[in-house]
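Student: Protein sequences appear in the order of chains P and B.
Under this note's numbering, read the first sequence as residues 13 to 166, first letter to last.
Under this note's numbering, read the second sequence as residues 13 to 166, first letter to last.
The hints are simulated quantities; they were obtained by calculation from the structure and are not laboratory data.
Take the hints with a grain of salt, since some may be wrong.
Put simply, identical chains are the same to the list, so a pair is met inside one copy or across any two.
Stated by the list, open to error - Pairs of lysine-lysine residues, derived as DSSO-like cross-links and limited to a Cα-Cα distance of at most 30 Å, are as follows: (1) K135 - K163; (2) K143 - K39; (3) K129 - K117; (4) K88 - K129; (5) K102 - K117; (6) K115 - K129.
There are 2 protein chains.
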Amino acid sequence: MRSKLFTAGLALAVGAGYAGIASAQVKPETLVDQRLAAMRLQGKYLYPLVAMAQNRTPYDANTVARNASYLEVLIKMPWDGFDPSTKDVKSRALPEIYAEPAKFKTAQDQMHAEMSKFLATVKTGNEANIKTAVLDLNKVCNSCHDTFRQKPQQ
Amino acid sequence: MRSKLFTAGLALAVGAGYAGIASAQVKPETLVDQRLAAMRLQGKYLYPLVAMAQNRTPYDANTVARNASYLEVLIKMPWDGFDPSTKDVKSRALPEIYAEPAKFKTAQDQMHAEMSKFLATVKTGNEANIKTAVLDLNKVCNSCHDTFRQKPQQ
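Chain P with its partners taken away, still in its complex shape (with noise of 0.2 Å):
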């Protein structure tokens, strides 16, 4: 449980430490564009592992140790721009991220404990583990925009 404190819980406080200086600095529709910027990268590197994943693509173990490696760093870039200041910027984030601050840093500790669960198991290369590791992490990210994200319009 320490340990599990230590891993997660040190890269978001120094988050959170650098959040304070972004907020006083960048306009609201900044941080937004930045926000999103790194959720759509997390796309990028994330869903051609989900396909693998998925058997829909052959695996390649050289773009999932790739993909795995940006992603260590992406999933660090979104938080930050999640500050109250962007609250009525329009986007689809929804307002229990402002109402709700503690259950939203819930969701992220959540991901950054799947995320290093996920990178451990990467470095295992054992292919069905990884297989099963990339379909819990989207299952997180999901979770995550499931109760936090403005569904699509229909």
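The hints should help you fit chain B onto chain P, whose structure is shown.
Tutor: This is chain B only, laid out in the frame that chain P set:
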């Protein structure tokens, strides 16, 4: 020279290999959105360092180290988005990118070489040299934009 080719060249060669995969599967509009996202995040993490280098904000070694580690990864992300399939998608990318691919590739190589120099300088911890390296890096970004990106409308 050989080591420079190895460091900067390897990353590009690997990137180019993946570009083939990406272009075969991803819509041109998505490729454009993804490359813009990568550029936007490069701005997010480079501009605060430029402000420090220009003595407009206080120097902060932790931010420099963190942002450098993010930029090291982000610099690899936009290039496969400049796929020929995107040349008719509306963006500020100029036709020279697709008409003169060797020239565009040289600009990418310069960017990667300058990033390697910057990262090596960051490791020394020498504030004055790091500030110079930040400004040199920013100059290479701008030089490529001057050549390959449409100026903003007046």
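Student: All hints are to be evaluated individually against the structure, with a verdict given for each.
Tutor: Structure-based check of all given hints:
In this homomeric assembly, K135 and K163 never come within 30 Å of each other (Cα to Cα): the closest approach is 35 Å inside a single copy and 44 Å across copies. Taking CA atoms no more than 30 Å apart as the test, K143 paired with K39 passes between copies only; the shortest distance there is 25 Å, against 39 Å inside one copy. Taking CA atoms no more than 30 Å apart as the test, K129 paired with K117 passes inside one copy only; the shortest distance there is 18 Å, against 37 Å between copies. Taking identical chains as interchangeable, the C-alpha atoms of K88 and K129 lie at most 30 Å apart whether they share a chain (15 Å) or sit on different chains (24 Å).
Taking CA atoms no more than 30 Å apart as the test, K102 paired with K117 passes inside one copy only; the shortest distance there is 21 Å, against 37 Å between copies. Taking CA atoms no more than 30 Å apart as the test, K115 paired with K129 passes inside one copy only; the shortest distance there is 21 Å, against 42 Å between copies.
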